[in-house]
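Residue numbers (the numbering used here), protein chains in the order written: chain F, 1 to 466; chain P, 1 to 482.
Calculated from the structure, these hints are not laboratory results.
Every value quoted in this text rests on a predicted model; they were computed, and no experiment measured them.
Be aware that a few hints might be false.
[As the list claims (entries may be wrong)] No more than 20 Å apart at the CA atoms, straight line, and that leaves these computed lysine to any residue pairs for SDA-like:
1) K73(F) to S384(P)
2) K151(P) to K161(F)
3) K262(P) to G78(F)
4) K363(P) to S394(P)
5) K51(F) to N388(P)
6) K67(P) to E32(F)
7) K383(P) to G292(F)
8) K383(P) to G129(F)
9) K73(F) to I45(F)
10) K268(F) to K232(F)
11) K229(F) to Y317(F)
12) K189(F) to E32(F)
13) K251(F) to E306(F)
14) K223(F) to S158(F)
15) K229(F) to I182(F)
16) K73(F) to I259(P)
17) K73(F) to S394(P)
18) K452(F) to E155(F)
19) K73(F) to G129(F)
20) K73(F) to L258(P)
21) K14(F) to K151(P)
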Amino acid sequence: MFLSPVCLFLGVTKMKIVIVGCGKVGTSIATELIAEGHELVVVDINGTAVKRLSDSIDAMGIEGNGATYQTLKEADAGDADLVIAATARDEVNLYACLMARACGCKNTIARVRNPEYSNDLFRVKDILGLSMFINPEMTAAGEISRLLRFSGALEIDSFSKGQVELIKVQISDRSLLVNRAISQIEILKGKIRVCTVERDGEVYIPNGDFVIRKGDRVSIVSKPEIAAKFFKKANLNIGKSRHVIILGGGKISYYLAQRLLKAGIGVKIIERNPERCTELSEMLRDAVIIHGDCMDQDLLLSEGIEHADGVVALMDYDEENILISMYVHNVSRAKTFTKVNNAHFGTIVDQLNLECVINPKKIAGEYIARYIRAVQNSLGSNVETLYRIHEDAVEALEFRVRSSSTVTNIPLSQLRLKDDLQVICISRKGKIILPTGADTIMPDDTVIVITKHKGLKDLDDILDGN
Amino acid sequence: MNKRLIVYILGWVLIVEGAAMQICSLTSLIYAEHEALYFLGTGAVSALLGVLAVKIKKPKNMVLYQKAGFCATALSWIVLSLVGAMPFFLSGEIPHYIDALFETISGFTTTGATILAEVERLSHGMLMWRSLMNWLGGMGVIVFLLALIPKLGGQQNIYLMRAESPGPIVGKAVPKMRHYAMMLYGIYIGLTLIELILLLCGGMGFFDAINTSFATAGTGGFGVRNANIAAYDSYYLQTVIAVFMMLFGVNFSVYILLITRKFGQALHMEELWFYLGIIVLSTVVIGINIMPLYPTVHDAFHQSFFYTSSIITTTGFGIGDVNHWPMLSKSIIVFITFVGAMAGSTGGGFKIARIVLLGKEAKKEFYLLVHPRNVRKVKMDGKSVDHNIMRSTSVYLVVYVAVCVFSFILVSIEGRGFVTSFTAVAATLNNTGPGLGDVGPVGNYAMLTPFTKCVLAFDMLAGRLELYPLLLLFTPAAWKKS
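For reference, chain P alone in the conformation it holds in the complex:
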């Protein structure tokens, strides 16, 4: 394995993180907070370590294979989180390192699960750092590096992309990886800016608007108010946020197809229609179901659309408590937590593409029961899907359920109720953030034991990187020389 190259990539990750922290120290300076020091200090040390790693151990070759690509990505995310937790911890705003780490991992993996009861007690710099982590983690740091550094990963850089980008099939929409990464970030920045402008038009303060835009873009869900989005008591603002959450849950190749004027191809994407279909269906059903609880029909549907959009994209923004909702609505919310957003978006979850593939595979299986000698291939977007992709998708489901069950057992050691334990795992593994019960939209994760927090932190990383890269780190075979 090309260890030097892994160190080189980690070095760049540290440099980027150090640079990103300076945005926060700037924020602190503007608000005249002494927390700027912690960001400056951590950022400088991080960047210095990064420069050392990049300069001293310059790799002899840039060739990277699948194993090294996966390990490099997983390690990058771990390093990113360990360093990212330092400002919280050093400044004493989050006194325990485990808590700080939980918050950081939750930020970078765009989960949005928090251990803070009152976020407004944090300084502006710290709030900015939480939102910025959401934003960076949404599209991914490795993708950023691919856009930034020419020739990173050599000709085989697709392996780096595959480790970080979600979905069963990861390819490129344009010939050059660097251009592709640039386009992804271009669209990402563009959409974020549009949301920022729309929020400002709605009268939201600049600090709140920029933080909310960052958290929406990454489908993270960190707010800067104790009441989360409920603090902005305006249908306009909440609807803008709901719509943008939905937009960031769309596969980015749809946007690339639209920009390159391949409208037909974009409209023929089955996954897109399933995604929109599930959103409409869930909004309608929940809306009707919770109608008695709200004064007007409009209010009920507003609540139901906001939550559907927030949960299916795994953002996890909240505009009020949902624990008093009827069972049907809560079940739907748990279900769409698992469904997740589209592949190739900034959202998490199991991904709609995989569910569609598995559904088609199941349908094929039924056909085979009726016509045992029937020959039939699973098709997606009019193209037959390679057997290997079907196989890996099925295995992904198994591993996914296994991680979910195992974590659930570990979390239940603590002895919380079924709903809290189960939805805590579901909300972290799918990078949603809030679950139900004690960890619902108005609750938080603070009261859990450090052990449970570690399990959930692992789930968040595993969920963001789609299991394999992180699990690979714990496989002895990955570290053997041959």
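Bound-form chain F, shown alone:
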């Protein structure tokens, strides 16, 4: 409170953020956030880790157990806008969030890696004050799978924890959609939805009579697997891979395989640990699991690496990943992905001309930074996700519906919505509804709205006159 006049004087409205855990993920998040000018307090039980991080960036370091009330109080978590728990252990992170909540911090982000936990998280979201949770491995897998599934897409944004995706494509003249009004599109009717159309630099939020022309950039909302079918039927080339080889069978590999299989892509995993192979084959019934050494050239050739559409190197050692990617680049035309954990030699890795370098910890940092950027002015509001599309002309927002909201239990056709605004998706207890005029919004749903209006803070703002 002494600082606020100083901040006002400097003209900054940056956030105060406490980061618990100064490991790789914590460091990556801190580096991203400090670049945005936020005020950071970093906490770790290991004094050396705190000192290393707080000496290398302009942040205050606190040594202590970040899951205790006392340490969080010392870090001033009560006054902080956000507490991010990014230690190596899920339980500690969730407990730290609970304690941060007890200190009076309203917003928390936890790193939760175990999917068994993340599936239940929505039940305790309010108790923990959890704004989002981050699973670096899952995020990285999501990133890779999107690029593999729709390499021809212009932009892909995901909502409701990846259950819904907004995909932007350019309409080619061979597509069945050309010269058709949106209401006349019969392919998978009711399961996909056209959200925006960009034509000659102008962005439209179209109604049913809007006619699509060739060269339009159209964004479509749907479940990921349905979107793939739609693009195929509509004769839109989205460059989908058909056969992907994953080298190494770690956490990311599992998440990635799961996603790819769901989208109907063939997956082959090569892993050198026999027990892990058995585990994977039990969890991923449709995938082909090969027990063998990824660095064995004969094995790779015999498993058809030359004919794969995508090769993803996700082994433990960066060197092996880099080496194998360079080899694959020589023998096949596959799209290659290289996992690199060590961020310190980024410039050298860039010079190697690898097609696509994935750094899970860095992606996690960027992901959180993007989230914070999006909700910076609306913390405490009900915005769950925010994307700016078409060069910031349009915002796609995901809201959580409160029971006090005035738009609930009324059919959408009877709501007086703002112009240039559409409700494009409702997610109810994990089920995705692409609403028509007869559908209603219920409390506890999450609702995705697409609009040209800026700065919506609450779902009630979608009504005209608000």
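Mind docking chain P on chain F? Use the hints.
Frame of chain F; chain P shown alone:
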């Protein structure tokens, strides 16, 4: 080492110094003294050089590591002193450059040792410059730059702070270095203003009040009267000064904790209690010891509190001679000269935090003699202290004693008495100012040879920057490329 960045920082130091000199030229103008010219001239040249250094050699990156941070800080203080001595020398008010330099270093390092027998012969502008040096040097010019220039030192600016701020553990109380530096200067300016107002209320003249406030705030000890604080013959004024000296010897993070309403944390600071404890103990013992020398008990305790406060905070203000005091009192004064103020304050000395740490380490050592397999960590404020901090504190003591002994030998070449030689080193290395004997509160350093003055000037800089930054400059390894 990022030499361009060091030049850049030095450039800013020159600009700030040039700007500060204009306050003095303004003072001279008000009193219609021609000395304004020297301040204007030196200030303009200094600022011009600074602008050149900042503009022409703009550093490519702002990244700074420990070595460069320490070197930049040490060089800044040297440049600051060399340029700061010019007005004294050019105007001829202090005819020898070595003397002028000694006075300037004494000012910036907040030592308060003077080579002037009669300060009242200086013009008002020069007096103002002496006090202003005390004030700027107290909190530090680098800290000022950290508050002033965004992104100085990049993300690693903690190294700059560490080189200039006193104490075994230097951290930040708020996340952003710039805000922290601003808060420190905010509190500093605030306390200075309060003292100024209280002094004015006591009927002190404006010029005297502002100078005395500056010198107290930096715990410097430059007065504007020949008789120093004794010239203000008022219990009220002397007590206000004594209390404020004590306040400026408190770790500034205590004030930050108070402002942010963390009263519990502030009260649990062990160092604070040791500091207050030593002051009370020393006041009582000296008070009883010197009672026969003064007409009333009140007078004796007034003298004893003023001197305790003045010496432990290493300010060095005086309200009369102490050479006739009994041996016990003089020993206590020499002892608290070495103790010094709290870490993170504007005072100098060995710092109470270090003494507390070393005391605890000694206690632990005794425990280990009794229970050789006992596992025990030194704790401070309820937290265990990292082994590295204990190690560096112990080494600091060794280096400190080494510098002290070495300087003492060099100073004794001149052949003054033991008391004068020893307390001269003690008073300069600890940034106190007056020692005992010839260099006591009523004496001065004028009669020493230029060589001795150089040794003592080095001690003052080493003491203010806590040895390492300055010693690093003389280490060949610091200047090697790899």
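Against the structure, the hints come out as follows:
Taking the CA atoms of K73(F) and S384(P), the gap is near 18 Å; set against the 20 Å cutoff, the hint holds. Taking the CA atoms of K151(P) and K161(F), the gap is near 37 Å; set against the 20 Å cutoff, the hint is violated. Taking the CA atoms of K262(P) and G78(F), the gap is about 13 Å. The hint holds against a cut of 20 Å. Of the supplied pair hints, the one linking K363(P) and S394(P) holds, its CA atoms being roughly 14 Å apart against a limit of 20 Å.
For the hint pairing K51(F) with N388(P), the CA-to-CA distance comes to about 12 Å; that is within 20 Å, so the pair holds. With a CA separation close to 26 Å, the supplied pair K67(P) and E32(F) exceeds the 20 Å bound. For the suggested pair K383(P) and G292(F), the alpha carbons sit about 51 Å apart, so the restraint of at most 20 Å is broken. Note on K383(P) and G129(F): the hinted pairing is violated, with a Cα-Cα distance of about 30 Å set against a maximum of 20 Å.
For the hint linking K73(F) to I45(F), the alpha-carbon distance of about 15 Å falls within 20 Å, and the restraint holds. With a CA separation close to 23 Å, the supplied pair K268(F) and K232(F) exceeds the 20 Å bound. A threshold of 20 Å between alpha carbons decides the hint, and for K229(F) with Y317(F) the separation of about 36 Å lies outside it, so the pair is violated. Taken as a hint, the K189(F) and E32(F) pair is broken in the structure, with Cα atoms around 42 Å apart against an allowance of 20 Å.
Of the supplied pair hints, the one linking K251(F) and E306(F) is violated, its CA atoms being roughly 25 Å apart against a limit of 20 Å. Between the alpha carbons of K223(F) and S158(F) the distance comes to roughly 10 Å, so the proposed pair stays at or under 20 Å and holds. Annotation: proposed proximity of K229(F) to I182(F) holds, straight-line Cα distance about 18 Å (limit 20 Å). Between K73(F) and I259(P) the alpha-carbon distance is near 16 Å, which keeps this suggested pair within the 20 Å criterion.
Distance hint between K73(F) and S394(P) is unfulfilled; the C-alpha atoms sit about 32 Å from each other, more than 20 Å. For the hint linking K452(F) to E155(F), the alpha-carbon distance of about 18 Å falls within 20 Å, and the restraint holds. At roughly 17 Å between alpha-carbon atoms, K73(F) and G129(F) fall within 20 Å of each other, so this suggested pair holds. For the given pair, K73(F) sits about 15 Å from L258(P) by alpha-carbon distance, which is consistent with the 20 Å threshold.
With a CA separation close to 16 Å, the supplied pair K14(F) and K151(P) stays within the 20 Å bound.
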